[in-house]
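Chain by chain, the residues:
Protein chains: 2
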Amino acid sequence: MSDPMTDLGRRALLPAGLRDVLPPNAENEARLIEVMVARTATHGYERVKPPLIEFETSLLEGPGAALSSRVFRLMDPMSQRMMGVRADMTAQVARIASTRLKNVPRPLRLCYAGEVLHTTAEQVSPEREMVQVGAELIGSHTAAADAEIILVGIEALRAAGIERLSLDLMVPPLVPAVLAGLDLPAAEAARLRAAIDRKDTAAVEELGGKVAPVLTRLLAATGPKDNALAALAGIDLPEEARAALDRLTEVADLVAAAAPGLAITLDPVENRGFEYHTGIAFSLFVRGVRAEVGRGGRYRPNGDPNETATGFTLYMEKVLQALPAPKRREAVFVPHGAPREAAAALRAEGRVTVQGLEPVADVVAEARRQRCAAVWQDGKVIALGKAGASEDKA
Amino acid sequence: MSDPMTDLGRRALLPAGLRDVLPPNAENEARLIEVMVARTATHGYERVKPPLIEFETSLLEGPGAALSSRVFRLMDPMSQRMMGVRADMTAQVARIASTRLKNVPRPLRLCYAGEVLHTTAEQVSPEREMVQVGAELIGSHTAAADAEIILVGIEALRAAGIERLSLDLMVPPLVPAVLAGLDLPAAEAARLRAAIDRKDTAAVEELGGKVAPVLTRLLAATGPKDNALAALAGIDLPEEARAALDRLTEVADLVAAAAPGLAITLDPVENRGFEYHTGIAFSLFVRGVRAEVGRGGRYRPNGDPNETATGFTLYMEKVLQALPAPKRREAVFVPHGAPREAAAALRAEGRVTVQGLEPVADVVAEARRQRCAAVWQDGKVIALGKAGASEDKA
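As they're listed, the protein sequences go chains A and B. Under my numbering, think of the first position of the first sequence as 1, with each following residue one higher. Under my numbering, think of the first position of the second sequence as 1, with each following residue one higher.
Some clues are possibly wrong.
Copies of the same chain look alike in the list, so a pair counts if it fits in one copy or across any two.
Here are the simulated DSBU-like cross-link-like pairs (lysine-lysine), alpha carbons at most 35 Å apart as the crow flies [to be verified]:
1) Lys210 x Lys199
2) Lys225 x Lys199
3) Lys380 x Lys102
Calculated from the structure, these hints are not laboratory results.
Hey, can you work out the whole structure from these sequences and the hints?
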């Protein structure tokens, strides 16, 4: 027999970034996941559930490629092929849309919730197992689709109790479209791109050549929607960049009209973390806690040039951090020997019952010991106040 | 650019035993999981959520040891230690009870729902990813605890719509307690154990020595509860075996009293698949479809001799197989340009809306194309029958 204290110590230790969710948090998390998915589903998003693991080749296609270094690999003993544990669900849902559901009329609306695993933690968040709640709107190029995904994501977060949201709108293809005309050598283009990413106006002026004036104006047009749109008005842009900027304006206006209280900022040159997006992209923040609770945008599902999609992913761990801690549900202790029907009737009323499993001398003390807030006695529910018992009013 | 048809074919292929759950099945599954957990929670079982992966050493302790060959192993790049993907959640919940919740008063009631992965499929079921819904009642030795776990499991299944349940009750320590007095050489004991397992009365008579008469009577006492109890009455047993059999009788009577319509069979010598159980064990079947929808029993959490627990695990895939296929939720098509408030009002009534993202010439045709059952027009919801549209009564 090994030393129980040592065993206990060892057992308590989970790998970094992994954790047990305890009562009452686990129930609260599960409830909020379902609330968010249910709200999304009312907009016609039908739920899918891809597997936790699949072949590496399919997991890392299209929107999944960026996460390759985050994916745990497993050898499949049945096929002898490499599988990966999903690090994100967007690529899986895109795969479902383009295979199992390829003959379903577009636009196709899908939603999902599930766990993802990362090999290593990110700087901004220590977790390696996370819950994603998301939706994908596949097959519509419209600005209305861009706006719908943002608005449904916001509605799902609000249904979970998240207030004080702010929306950052981006359009990752804009800068590449501006730079396309420059014909810069690769190293110089990379230096310019880096200068734009760190919003270094001086370096952009130095490296930007003939598009430096446009780039500095785009850089300056970061901030609250109305100010940013004013700063962007009248910039002379090549056709593709103009279309990208017009789309940004249109989506910002659609979202603002539908969500009047929402804080919207534009960040027309932002690109980092949104490299696979082919149109409008966005982040959702909770003001005050500064947590990014969700993000999303337009992309090409599985690299198929004939299909387009936009989607959102909400980060459950961040959502929970932005909400107050849940309270434990109060239970009624039902002593050993009480009629089964009595406890069943309490449960039918929506109460939680804790059944006494053996006779005890002091039922009230036993109820308290078992962390119950009330006790059933002779057909009545007696609430257990801190200084004694009193008949429950409910 | 690679051949899109080849890509498509490859993408569609998931590893054997893994699958995409599509609409409307994924929503139905998620809903039923929550129904089953919620019903369990009304009996005071508080939800926990262990991680999908943890160190192999803790995952394979106690009740987890039996599943070692089913566990996918992963190297943790952060600790350089081996981790496993859970193949069962009982051991994880037992770990939580004995570590994070070790100071919570007993009996401790916990419940959970989550996915598990197996390296290889079982003969009886091809899935390698499965959802378990379960509960553990930790720290009570009573027959009332054995009965409660069985009854709560049955109630959870019934809440999900499962009818026609049958319960098989077993007591795995009984045969070892009978054999303990024999002092047989290991090889002979194994042959006897195998004969009992295959219910080979002739071989048991030949190999059973002085306990052969008792063993054959136990073998004969398999079947419907009342017949089996009559056959077991008056068997002369050593003390430990007598206690095991008395417990079986007591639990069978408690369950029968609380669940009058339930088909209960006893199988006092059954052991296979219940090797880690230290007391009453059970299987729940759906009559007609012959699927084992759940099982459980008493065990020693993490091998701790001072703690006892009993629990159930319900198998979501089997539950779903025993239920009728779900219907797709019907949606109302809301044409492009309709006031946002109109669609919001429909959703507030509990309807699903599908928003038109661009103007169309024929709204009814578009609603049908998008698989909607009704269409919003000028403030009214028009149901789309097969042969035309009519105003919706709801």
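Verification of the hints:
1. Lys210 x Lys199: This pair counts as within: shortest intra-copy Cα distance 18 Å, inter-copy 89 Å.
2. Lys225 x Lys199: within (18 Å within a copy, 78 Å between copies)
3. Lys380 x Lys102: Cα proximity of lysine 380 and lysine 102: across copies only (32 Å, versus 59 Å in one copy).
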